[in-house]
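Asker: Sequence:
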Amino acid sequence: MSMLRIEKLTISRGERILATDLNFQVKPGEALVAEGPNGSGKTTLLRTLATLSPPLRGTIYWQDHALSDITEVYRSKMLFLGHTPAVKLDLTPEENLKVYARLAGAVTEPSAALECLGIRRYAATLCRHLSAGQLRRVALARLILTAAPLWILDEPFTALDRQTIDGLSSLLEEHLAEGGSAIITTHQQLSLGRASVARLPLGTG
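According to the UniProt record's numbering, numbering within the sequence shown proceeds without interruption in unit steps and concludes at 205.
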């Protein structure tokens with residue numbers, strides 16, 4: 001059974017149609033990388049799959065159930081991280097993660113998640129004083145907090161140093177090995193070991 005299945009999906013931004021009749025599926029243990037030039041619809045596709053933007057046409061299925069019938073169930077099983085880190089600047093990293101943990105349910109302590117991303121030393125620092133890379137790591141710590149089987153990640157490697165990129169790649173590889181799935185956009189060369197990685201070209205005409 002596929003974790004996520006897309007049939008005849010058409011997406012748009014404003015009046016502009018970005019992609020039509022998309023058909024693909026993502027199975028447990030698989031990653032799908034959406035590829036294409038800027039403006040090809042990668043972010044719009046991910047936002048649509050995250051239920052943040054409605055599709056123009058088509059159907060999204062979660063474990064063979066139409067998403068329109070089980071939207072809240074789906075949202076509890078999916079974690080979306082956008083290109084811009086969803087971090088409240090007037091809170092500390094630890095406070096941000098505690099808020100998220102209360103809303104989503106946590107399987108890991110916020111301090112442990114921060115430690116894993118190498119930013120525990122900044123746990124009590126207001127996020128407005130952190131660099132772009134540090135803010136990105138605060139957002140990525142949400143991946144460790146919860147057990148969501150589907151990760152939807154828009155340019156997750158942006159503003160990260162080599163060590164953190166390698167750590168995130170290992171985290172993704174572990175997630176897939178445990179039966180999770182991921183849908184990703186990235187300009188980085190993605191290396192996920194033995195994991196199954198499919199490509200979805202957008203903007204090809």
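A hint or two may mislead.
[To be verified] Simulated crosslink set (DMTMM-like; lysine to aspartate or glutamate; CA at most 20 Å straight-line):
1. 98 - 115
2. 27 - 166
3. 88 - 64
4. 27 - 161
5. 27 - 178
6. 8 - 90
Derived from the structure by calculation, the hints contain no laboratory data.
Predicted model only: the values in this text are computed from it and were never measured.
Asker: Output the numbers, in ascending order, of every earlier hint that fails for this structure.
Answerer: 2, 3, 4 and 6
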